[in-house]
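*Asks:* Take a look at the letters that make up each chain.
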Amino acid sequence: MAAVETREKVSALAEKYKYGFVTDIEMERAPKGLSEDTVRYISAKKGEPDWMLAWRLSAFRRWVEMREPNWARVHYPKIDYQDAYYYAAPKNTPAKQSLDEVDPKLLETYNKLGIPLSEQMLLAGVAVDAVFDSVSVATTFKAKLNEAGVIFCPISEAIRDHPDLVRKYLGTVVPVTDNFFSTLNSAVFSDGTFVFVPKGVRCPMELSTYFRINASETGQFERTLIIADEGSYVSYLEGCTAPKRDENQLHAAVVELVALDGAEIKYSTVQNWYPGDEEGKGGIYNFVTKRGDCRGRDSKISWTQVETGSAITWKYPSCILRGDNSVGEFYSIAIANHYQQADTGTKMIHLGRNTRSRIVSKGISAGRAQNTYRGLVSVHPKAANARNHTQCDSLLIGKQCGAHTVPYIESRNPSARIEHEATTSKIAEDQLFYCLQRGINPEEAVALIVNGFCKEVLQQLPMEFAVEAQKLVGISLEGSVG
Amino acid sequence: MNVALDARRLKAAEEFRAAGVPHRRMEAWKYSDLRPLIDAEQVASAPAAQWSIEAEGVELFDPAAGEGAFAGIMGEASLAFATATLGLRVKAAGRVRIAFATPGQARLRIVLDDGARLDYVESAPGGGLQNIGTEIVLGRGARMTHARLAQRAGGARIGDVSVTVAEGGCYRLHCADFGSDLSRLELDIKLRGIGAQAHLSGTSVLAQGLHADVTTHVDHAAGDTCSTQLFKLVAADKARAVYQGRITVRQGADGSDSRQTAKGLLLAERAEIDLKPELEIFADEVKCAHGAAVGDLDADSLFYLRSRGIADDEARALLIRAFLAEPLDEVEDEAMRAALWAAIEDALPGAMGQP
Numbered sequence: 000m001a002a003v004e005t006r007e008k009v010s011a012l013a014e015k016y017k018y019g020f021v022t023d024i025e026m027e028r029a030p031k032g033l034s035e036d037t038v039r040y041i042s043a044k045k046g047e048p049d050w051m052l053a054w055r056l057s058a059f060r061r062w063v064e065m066r067e068p069n070w071a072r073v074h075y076p077k078i079d080y081q082d083a084y085y086y087a088a089p090k091n092t093p094a095k096q097s098l099d100e101v102d103p104k105l106l107e108t109y110n111k112l113g114i115p116l117s118e119q120m121l122l123a124g125v126a127v128d129a130v131f132d133s134v135s136v137a138t139t140f141k142a143k144l145n146e147a148g149v150i151f152c153p154i155s156e157a158i159r160d161h162p163d164l165v166r167k168y169l170g171t172v173v174p175v176t177d178n179f180f181s182t183l184n185s186a187v188f189s190d191g192t193f194v195f196v197p198k199g200v201r202c203p204m205e206l207s208t209y210f211r212i213n214a215s216e217t218g219q220f221e222r223t224l225i226i227a228d229e230g231s232y233v234s235y236l237e238g239c240t241a242p243k244r245d246e247n248q249l250h251a252a253v254v255e256l257v258a259l260d261g262a263e264i265k266y267s268t269v270q271n272w273y274p275g276d277e278e279g280k281g282g283i284y285n286f287v288t289k290r291g292d293c294r295g296r297d298s299k300i301s302w303t304q305v306e307t308g309s310a311i312t313w314k315y316p317s318c319i320l321r322g323d324n325s326v327g328e329f330y331s332i333a334i335a336n337h338y339q340q341a342d343t344g345t346k347m348i349h350l351g352r353n354t355r356s357r358i359v360s361k362g363i364s365a366g367r368a369q370n371t372y373r374g375l376v377s378v379h380p381k382a383a384n385a386r387n388h389t390q391c392d393s394l395l396i397g398k399q400c401g402a403h404t405v406p407y408i409e410s411r412n413p414s415a416r417i418e419h420e421a422t423t424s425k426i427a428e429d430q431l432f433y434c435l436q437r438g439i440n441p442e443e444a445v446a447l448i449v450n451g452f453c454k455e456v457l458q459q460l461p462m463e464f465a466v467e468a469q470k471l472v473g474i475s476l477e478g479s480v481g
Numbered sequence: 000m001n002v003a004l005d006a007r008r009l010k011a012a013e014e015f016r017a018a019g020v021p022h023r024r025m026e027a028w029k030y031s032d033l034r035p036l037i038d039a040e041q042v043a044s045a046p047a048a049q050w051s052i053e054a055e056g057v058e059l060f061d062p063a064a065g066e067g068a069f070a071g072i073m074g075e076a077s078l079a080f081a082t083a084t085l086g087l088r089v090k091a092a093g094r095v096r097i098a099f100a101t102p103g104q105a106r107l108r109i110v111l112d113d114g115a116r117l118d119y120v121e122s123a124p125g126g127g128l129q130n131i132g133t134e135i136v137l138g139r140g141a142r143m144t145h146a147r148l149a150q151r152a153g154g155a156r157i158g159d160v161s162v163t164v165a166e167g168g169c170y171r172l173h174c175a176d177f178g179s180d181l182s183r184l185e186l187d188i189k190l191r192g193i194g195a196q197a198h199l200s201g202t203s204v205l206a207q208g209l210h211a212d213v214t215t216h217v218d219h220a221a222g223d224t225c226s227t228q229l230f231k232l233v234a235a236d237k238a239r240a241v242y243q244g245r246i247t248v249r250q251g252a253d254g255s256d257s258r259q260t261a262k263g264l265l266l267a268e269r270a271e272i273d274l275k276p277e278l279e280i281f282a283d284e285v286k287c288a289h290g291a292a293v294g295d296l297d298a299d300s301l302f303y304l305r306s307r308g309i310a311d312d313e314a315r316a317l318l319i320r321a322f323l324a325e326p327l328d329e330v331e332d333e334a335m336r337a338a339l340w341a342a343i344e345d346a347l348p349g350a351m352g353q354p
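The listed protein sequences correspond, in order, to chains A and B.
Residue 407 in numbering that gives the first Met the number 0 sits at position 408 of the first sequence, and the numbers go up by one each step.
Residue 2 in numbering that gives the first Met the number 0 sits at position 3 of the second sequence, and the numbers go up by one each step.
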């Protein structure tokens, strides 16, 4: 009955989207619009070296010539890229030595969000990098990570302090010209997280980044780069929230993961950007490119995502299984309610021998939402003995929503085995009846059943976050029954 | 009526001119690139296809009028440019054997009146450019079994079939494709009336370097409609077998039931199989499932047979036959099934890389 307890806690929340507040804090912004000057402004603000500026400008020049992709099953009015701010930072953010120097209002915001930001959260054992609009405001546990040799810092800092590492890896997994949104990100990214785990080190704690869009009419473009050197291990979690607004805000992030020989990266996302109201007004456009490169032998990259927020989600965390014996995993829950649209899935590119991948996708549609799984499993000629298993289940709640599955399977090696299964159904009447008959109200019953439906994925999350994710599942489906 | 048709043909020609010859950058043609084989001019000026036909219980008519519904862009081309046309109407029970004897373009329209039955067998030997557009309209309670045999050939062979099924009607298709430089069967099936059904099955058995693509779209537009699909593909060295199947269940099509299975067997290092089973569901009272798998022959089964003294080639052939048996079981007509098996036997050595 844990889920029922959860439901009670959830019902206690006054608002349906409890992260919808705005923090009144003085912001410093780049002039509205996007041009080479904007790119130069951002680069200058960050005090970046010339090579970084050149990199950004070449991305910008390519972007100008690119067209926005339209193949996903998502519909939205044309975005005016000139009608937004590309850089917004809380004022007073010169380098901080400790949390005491961070604006107390910001800390309060993160407290409201329930992020274990301050040192008193030591017990939680989570190191957090928090990105507020465009800049990283605090990174906790730096000292402890330093001891282990782990670099965990804002990417802007990494560009200054570890330029060789950044230059060596940035843009090698998601090339600058990969797609419209990633190229835009390459031009204007303002901050994000950089992680480097040295050879043979098992990162002593979970790393976490919390993303928060606060300012209005502002896009957020963060860039994350995680490198796990030979034989290392790191588990990383990101969470995201944004205030309630009537306007649509753009979020176009790029995440690159590199796992060298024998390394393992576990990347978990709880995405709870503001989804828009019940009429479909407002909400975040979440156009994200995430890709992991299992570059070394015996490496492993595992993506887990719980996607409950955003008006539109366009996101395909992928694995390039380059090293022999490497493993890719993708566990996903995507919940779309009201007028939300989600088009999400993964790509598993098998290049090396004995590579294995596993995909478990659970899509839930309610209200008038459209939820699409789109995935590719591709086995290249040299990927002897590659294995993939894909399970895609969709659940429909109500008569006006849609659930779609678009898997691409391409095999060019006879010793490879690929299996794909998909089902679409609604909540079983008998399960619902069973719950109702025991006095569980319909909303609780739905949350309970949906949590059961998602169990395989929830289990993959680090424990502390699994609880939060379960709660989210319930909240996201509020108003979908009865 | 001709004025309307002329306008429709003009529109089809425009659409084709605008889109051009389908190529791999078009989503629907991702795995089948026609451009290296033919250009738009060749399509527009393709000769009239010739055929021989045996028909019982059918009325021939000039298919001047029609909805002009086609599955894809090459169907539009057949409407725009084909000078060879044929209309078949079945009032009660009919039987048709049609063999396209030469490359070229043709457009057919087949109409089954309410309660009518048709047993239709088509053979499309290909060679050069063959583009056959077929519109099929099934009245209430009408039943049609459609068998299509696409022999091993060269050139580009395209079959574009659009089917609408009214209340209680049932369309059954079995297609066997033995490959060509490019061979494609594109089907668009609309289950328009309550209780309408479509059952599709097929095999592609490809020898070295050949290509075959089955692309289906089954649209559940009414309640209590049912569709099943079962396709098995076998590809030899440098061959490419493709299956793309989309199932749509529209809003309000409650009680729809759809199942879709596609399996591929890769027999050599440079063979390729591409599967894209797609579900598009807008109704909640549905049962929809699909499964897809690609691999090679099961090593344990092979070992079992070898350990009992069966030679390697023979054991492989046995397992390939077993793999292909399931969709053939769907074929009700025994003579037809025997003919299909005979064609598979002919194709097996090629698929297994034997000269």
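Read the hints as simulated data drawn from the structure, not as lab findings.
Predicted model, so just to flag it, every value in this text is computed and none were measured.
Don't be surprised by glycine CBs; every beta carbon is placed ideally from N, CA and C.
Watch out, some of these pointers could steer you wrong.
Claimed, not checked - A short list of chain B residues far from chain A (calculated; beta carbon distances all over 10 Å):
#1 Leu9
#2 Pro124
#3 Ala282
#4 Ala310
What the hints assert, rightly or not - Here are some chain B residues pointing at chain A (derived, C-beta under 8 Å):
#5 Met25
#6 Glu26
#7 Gly263
*Asks:* Checking each numbered hint in turn, tell me which of them this model violates, lowest number first.
*Replies:* 3 and 5
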